[in-house]
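Read off the chains here:
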Amino acid sequence: MPETSSYAKAVGAALRLLLTEDPRVFLAGEDIGIYGGAFGITDGLVQEFGEDRVRDTPISEEVIVGLGVGAAITGLRPVVEVQFFDFIVNAMDPLVNQAAKLHFMYGGHVDVPMVVRAAGGGGTGAAQHSQSLEAWFAHVPGLKVVLPATPQDAHDLLLASVLDPNPVVFVEHKLLYKTEGPFESRARIADTPARIGEAKVVRHGTDLTIAAYSIMTVKALEAAKRLADAGIDAEVVDLRTVRPLDIETVRGSVRKTGRLLVGHEAPTAVGVGAEVVAGVVESDALDYLLAPVRRVCGRDNPMPYAKELERATIPQVDDIERSAKELMNA
Amino acid sequence: MSMARMDPTDAAQAADVLKGMWSIRIFEEAVEELFSRGLLHGTMHLTIGQEAVAVGVCDALDEGDFITSTHRGHGHALAHGADPERMLAELLMKDTGYCRGRGGSMHIADVDSGNLGANGIVAGSMTIATGAALSQRLQETGKVVACFFGDGAANEGAFHEALNLASIWSLPVVFACENNQYGMSMAQEKSTAGGSVANRASAYGMPGVQVDGNDVVAVFEHSKEAVERARSGEGPSLLEFVTYRYRGHSKSDRNLYRTQQEIDEWRTTKDPLMLYEQRLRSLAWLGDGDIAAVQAAARERIRAAVAAAYKAPPALVDDLEGATYA
Ligand SMILES: Cc1ncc(C[n+]2csc(CCOP(=O)(O)OP(=O)(O)O)c2C)c(N)n1
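From first to last, the protein sequence lines stand for chains A and B.
Following this note's numbering, the numbering of the first sequence begins with 1 at its first residue and continues without gaps.
Following this note's numbering, the numbering of the second sequence begins with 1001 at its first residue and continues without gaps.
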């Protein structure tokens, strides 16, 4: 068993385990067969499990997600892929009007245990292939939204997502795929220790709290290292799931540090960061704040193509570091 | 009778048509080279092997007619009259690029000249083309919209909604399917029920025809007929141009879904540039020397564009939010 793995391989290993152990699981999506997926995540799976369980589809996101809903309410556990997170827009009806609501609308008589996987975030150059749309789905009651930051979490949370009886939007960050981290493949699906809706303190500190998720957690940890050199001890909370949001863990951290900085790559306005801030200030954690809260989130413009413009649109380690220092001096 | 811009069946214009196709080929080779040198961002989709579709369709349009394009849109833009220097400037992330470095390869638009833009969303432009066609009708411009899309796009809901609406309202749009036989790795015969994309036309009450997309003359003649039909108020047509892409879908493609033999066969026996050159030679419209001169002129045009684009100032970071709203 390898002690480290790439994020991409960790997702692939979770899919392999799911297909091996649970006959109700099948995969469907564009180019997930012989091509191995646009990002190589499903490489080798069609050879191992056959075309019935690893289904290459036409370019038809609406029916890809819709068929997931239909299969999920009739006994299967579909894990469908829409390639880039951006293309989920073509499947809004089956996801938002159908998947999210059937359990509630039908009086609890049906569950929708479906997972929709997608590669999100910047890095592909421009406005229609680099979006972070998680706030949209976090706003829809009935959906769960998971954005892992590490190979182990990607693995464990994907297993947890398939175990969950609700529709889960599972967003992998395309710039994390190649990152390596400590990794242990679970022997059985049920062995996953991850629970959807649990944040995790990934670095303990006493001076300020940085709450982030997905690639911003990685950047926050990097910034925390630099801050430590400057004598600032940052605590980093990886939210991991933005709906349901584990605000209690953030509140607990703020009670300890007295300062809050929230980071994500998605645009600032009406984003998950605003929800985190509200969740803190509407609790007694407000009384512990020593300085105004801060958001270090994406700029409110579509993702530009040019590298430097993209860099300027997405918060970088430098931005977190600078903002944290300002917060300490505020 | 409308006046097409360049007519590949006209001896006097043949060299220009050929130069148009060679310009696309050489432009794409230049882009490939720039990409491999790490000078571009993201990915790119090359249209090498499909030049006859772009040129044949656009040449059947009048000056001022519109096109909508796809993620594989460099050829469409060039054939519709885009300046290669401004396209390369865009790819090289320069402020002088068509989108000021904000759009990149997949979003090149030149609205002034009628190119309503390349699109990163498969079939995303099909509904837009339909709206642009309605707009031509309502404003009585007499102009036509040519909507490029791939065989893969024909399986998106947008394809069906656009064709249906354009047909019931008799809109002046030509749906130009570039069937290069694969949607990424998915072979067209596996993805497309009903035998062909063209077959679907009958369900929407419009003419649908499958055309050899590597024969620029055939592409032109069928397009011209469809353009005239659209312009005269008879409504949309669906043309399916059968062609082939030599390169991978994008730069990350390992080509596992097709054989080298298949690629080589298309390249050596059905190449659109070679076929048109053969025709021009056999008609004695152009000799070997003329053809070499056309190729050299296309090469020089692109070389000069690369050199100029390279020197242009970079895209500007300031005020991206300000650039978001009109
Ligand atoms: C809505 C949407 N789904 C998926 C993709 C990813 N993708 C980009 S191009 C492509 C294949 C398109 O095939 P086709 O329409 O035949 O055009 P071709 O690439 O062959 O020119 C896919 C799947 C996308 N860009 N947009």
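Check the hints yourself; a few may be wrong.
Residues of chain A clear of chain B, computed beta-carbon distances all greater than 10 angstroms [claimed, not checked]:
hint : residue
1    : Asp56
2    : Phe87
3    : Glu180
4    : Arg299
5    : Lys325
If you anchor each label on the Cβ, the simulated ranges turn out as follows [as the list claims (entries may be wrong)]:
hint : chain 1 : residue 1 : chain 2 : residue 2 : range
6    : A       : Met105    : B       : Ser1113   : 43 to 51 angstroms
7    : B       : Tyr1246   : A       : Glu48     : 25 to 33 angstroms
8    : B       : Ala1187   : A       : Met105    : 51 to 59 angstroms
If you're looking for bench data, these hints aren't it; they were derived computationally from the structure.
Beta carbons: idealized from backbone N, C-alpha and C, even for Gly.
Here is what the structure says about each hint:
With a least beta-carbon separation of about 6 angstroms from chain B, aspartate 56(A) fails to lie farther than 10 angstroms from that chain, contradicting its non-interface assignment. Once the 10 angstroms rule is applied to beta carbons, phenylalanine 87(A) is inconsistent with being away from chain B; the minimum gap is 7 angstroms. Chain B leaves glutamate 180(A) outside its interface by the beta-carbon criterion, the shortest separation being 20 angstroms against a cut-off of 10 angstroms. Chain B draws arginine 299(A) into its interface by the beta-carbon criterion, the shortest separation being 6 angstroms against a cut-off of 10 angstroms.
Interface exclusion of lysine 325(A) from chain B stands, the closest Cβ pair being 22 angstroms apart, more than 10 angstroms. Range check, methionine 105(A) to serine 1113(B): about 50 angstroms between beta-carbon atoms, so the 43 to 51 angstroms window is met. Look at tyrosine 1246(B) against glutamate 48(A): about 31 angstroms separates their beta carbons, and that is inside 25 to 33 angstroms. At roughly 39 angstroms, the beta carbons of alanine 1187(B) and methionine 105(A) sit outside the given window of 51 to 59 angstroms.
Consistency with the previously given hints fails for numbers 1, 2, 4, 8, ordered from lowest to highest.
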